[in-house]
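From first to last, the protein sequence lines stand for chains A and B.
In this text, residue positions in the first sequence follow the working numbering: the first is 1290, and each later residue adds one.
In this text, residue positions in the second sequence follow the working numbering: the first is 19, and each later residue adds one.
Treat the hints as calculated values from the structure; they're not laboratory data.
C-beta: ideal position from N, C-alpha, C; glycine also.
Possibly wrong hints are sitting among the right ones.
[To be verified] Stretch-level coverage of chain B by chain A, calculated; a stretch enters the list once three of its residues show a Cβ under 8 Å from a Cβ in chain A:
1. 141 to 151
2. 268 to 275
[Claimed, not checked] Here are some chain B residues the structure puts well away from chain A; computed CB gaps all over 10 Å:
3. L71
4. I75
5. P81
[To be verified] Residues of chain A clear of chain B, computed beta-carbon distances all greater than 12 Å:
6. W1325
7. L1345
8. L1353
9. N1425
10. G1512
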Amino acid sequence: MVVPVLLLVALSAIIPLMTVVNYSVQDTFGNNEFFWVGTEWFQEILQSERFHNALLRTLLFSGLILAIEIPLGIAIALAMPRRGAWVSVCLVLMALPLLIPWNVVGTIWQVFGRVDIGLLGHGLASVGIDYNYTQNTLDAWATLIIMDVWHWTSLVVLLCYSGLVAIPEVFYQAARIDGASRWSVFRYIQLPKIKRVLLIAVLLRFMDSFMIYTEPFVVTGGGPGNATTFLSIDLVQMAVGQFDLGPAAAMSLIYFLVILLLCWVFYTVMTSHDNETQNGARRAGGSR
Amino acid sequence: MTTSRRMQYLKAVSVTAYIVFLLLPIYWLLNMSFKNNQEILSTFTLWPTDFTLDNYITIFTDPSWYSGYINSLIYVLMNMVIAVSVALPAAYAFSRYRFVGDKHLFFWLLTNRMAPPAVFVLPFFQLYSAFGLIDTHIAVALAHCLFNVPLAVWILEGFMSGVPREIDETAYIDGYSFPRFFLRIFTPLISSGIGVAAFFCFMFSWVELLIARTLTVTDAKPISAVMTRTVSASGLDWGVLAAAGILTIIPGALVIYFVRNHIAKGFALGRV
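The shape of chain B in the complex, shown without the other chains (with noise of 0.2 Å):
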């Protein structure tokens, strides 16, 4: 009983130590972005002594500032939409039927995520200024399919295997037609699955940088591309750069806490 405990206890410390250390850098940020310039650079302080929100309020005053969260999240959106609208049937044929190269299925989708962005960035420049797509939103949430549609496509698949065939056929004899089947009953039953896939999607998409960038100019500049151009211009703006870094992190930890339940089921679900 005694060594369980001391298990219990060993795991608990573990665990706790490895969020610290998470915690930490996130936390130096923070930190940060309730400074002002002088006290980061002259000082060193654990805590902010000049406690100001300056930087926070830089950023929601300036249009140059803000406009990057929204195109950001403008694409993003629209890429999960289409990742997963696209990845739905494609998911199901894949669940439903057998043919050939069908057991190798993830590794085939795989390999479009094994191109490495560097490798793409000029021809996917090439290609959207052809259809006149530079700085558009459109283009990067295309763009961005090269890596989540691979993979919302694996992760729906999981969760439709899980479905029995039994209920399409049901269907079938009720006199659904497909479209209403699959609508209708289908894609409520995979619900969490959807949003497991969208929620990949939304992640892989939010932490891009080299593509969005590449494809933009300013309309439709992403807020990362707003970061690097303005450390490069003012140099030494830590404030306000800890400030947006830190406003970079809130969607994600939203989108986190909505699906918390499900992440875990995910991937236990996904065939290899």
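Bound-form chain A, shown alone (with noise of 0.2 Å):
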């Protein structure tokens, strides 16, 4: 049963990453000539300090649009009515930026942010602040980062909102009888039961913004100079721009086991307590 999912993996995933590994370790004249290199582009992009810059331009990237969207995405969750007619209109108008094409996201913001024609530019412009984004590195990054917040906190919204409505009212009645404060509420009974969703909303959003790449792309282009190019803009600029196939290849992978490897911190982190308590359950349960 499992066999259909299986290949359809190696056929759009496992495959293609043979043939970025095949690159990786070859070099070419053109006439699909190749030879062995061996290590030589893995060497060459980690000692790169192109590939380092835009290594932590995505990791600072990533790292604000965490602290940003899931503090606020859960606080928005938890100021959500949880019945009546206003929570499907609710739900329905966050889901909206969801799901227009990430091109389109990026040229609304493109216009949205213009000085000459655009809302928030004209703004903010007629109140005497300096903003263009595209000439001020600042506001190349705030444009972006509002723009990822304003497309993706709605995800971690409906996620967070989804674990709240399952928690049985009883649990609420408890507290109240117990004379808990909001906070121990919060703490106690609301974080534990969307922890679930919450590790789903952290991976997804890491992943996401991690390999951002139309959005800023239409934007800022990874300007201005090399201030917003991330590792996706960079390595999309080598491999169909430079067409130098076998270290953009290399770049691939470290980028992959980059991804990779923090998403599996994060993995454990966030389970690992999980399993601890299911653990002790376990042997409590045993002993008796």
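With the hints as a guide, bring both chains together as one complex.
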């Protein structure tokens, strides 16, 4: 029963990945002639300053995104009404940005931030703030981060909200009887109950922000200078722009391994406590 | 009582503020789509003073524009069907049987999603050109399975684990064969799960551009790629661009309206 999935995964993931591995250890002078270079490309990439800078920029971007979107998403989910007609309205409106093609998201913010024709740019300029995302590094970063918050916070909200509505009313009644404060209700009832969905939210947001390509490409094109050239933009420039297949393939693999490693860390940290309590319960059950 | 009422008030205000923040950029795009280029570029107006539908008429009368929408819808629907029908049996296996490594199923499936599309663009192009599939809808639909199948398996597994095993056993005792049991009894039980999985496949396939653009030339070109081409060619046709953008939002809005009551349930059931 798992065979179709395995076939599809082989076709869409493993074969392409093998192609990349193949490129990463070879060099070519065209004419489809390849020869073995071993780990040369990997060494070159790992030592290049361009790669280090792009990696740091991407890490910083993902870090900021997680630091803003996760708390904001939880807060909005907590503030959402639990029942009534407004729930549907809120859900539909909040999900809207998630369903806009990514380059359209880029276009929306490119226009929205323009000083001459955009609401945001014009508004900021009219209150005297010197804002220009095509020239000022800080403005470009702020624009990209606000854009991503606009685009993806709703995903965190939807996930957390789905966790929150699944909590049985009894839990809250018990808390009320105990006279629990709002904070302890959140800390000891709501947070543990939404931990699973929160893990998914963190993983998805981390992966997608780390792999972000289309939106910054449309809005800033990696500029001003190289200020918003994230790993993905750098990679596409190298592979498609300069056609340096070997280094690009090596970089792809390093990129993929970085994501894998960081996701594994998130996953282990966030589920480790879970396993402990489960094992503890099992042990307690066994001894009884 | 007053503190809790003030709290309610605060909650309503913050949710409203968040929604306004979400809608403002969309409003700005909508506003632009009803203006002509001269008004967009020369004056700053909060609503169209010279209301026009010309931008939309341009799109609906030019085949190179509206065929983009049709192409996008075709490969998105194909992807939904492939991803869900492949994911259904796999999810059933994961929810009913125990085998090595299934505890970390979620993580291993997600590694598929961790591969940056930028990494896969070139190999995909070579793979599909080897099969002669470049510029066909099926190529894009298959390529998008890379990130949609894992998600679909995972969502469906959550819903299936919510169905008690006794139902399977009773059906076998009653003499149902496996395919008949699966289609007649099991599938209806998890129909909302299928809806949610289909919704997420739709969502991630609809918004993806990089892979879709690379694998298509003309016949299967998605609308988002048509848009980028027009930006670079004519440069300043903001009105048409805005109208095209608004039209890309509509299918998503419709889909989410249909599944609105199930989305929240979808993730709560998933097993991590």
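Now the hints, each set against the structure:
1. Coverage of a stretch by a chain is defined here by at least three residues with a beta carbon nearer than 8 Å to that chain's beta carbons; for the stretch 141 to 151 of chain B and chain A the count is 4, and the condition holds.
2. Beta-carbon proximity to chain A at under 8 Å applies to 6 residues in the stretch 268 to 275 of chain B; the threshold of 3 is reached and the given coverage holds.
3. Listed as a non-interface residue, L71 of chain B keeps its Cβ farther than 10 Å from every Cβ of chain A; the least gap is roughly 20 Å.
4. Distance to chain A confirms I75 of chain B as a non-interface residue, since its nearest Cβ pair spans about 20 Å, more than 10 Å.
5. Non-interface status of P81 of chain B relative to chain A is upheld: no Cβ of that chain comes within 10 Å, the nearest being about 20 Å off.
6. Residue-level check passed: W1325 of chain A sits 19 Å from the nearest beta carbon of chain B, beyond 12 Å.
7. Under the 12 Å C-beta cut-off, the non-interface status given to L1345 of chain A relative to chain B holds; the minimum distance is some 17 Å.
8. The Cβ of L1353 of chain A sits about 18 Å from the closest Cβ of chain B, beyond the 12 Å cut-off, so the non-interface label holds.
9. For N1425 of chain A, the condition that its CB be more than 12 Å from all CB atoms of chain B holds, with the nearest at approximately 20 Å.
10. A cut-off of 12 Å between C-beta atoms confirms that G1512 of chain A is not in contact with chain B; the least separation is 16 Å.
Going down the numbered hints, you'll see the structure goes against none, and every one checks out.
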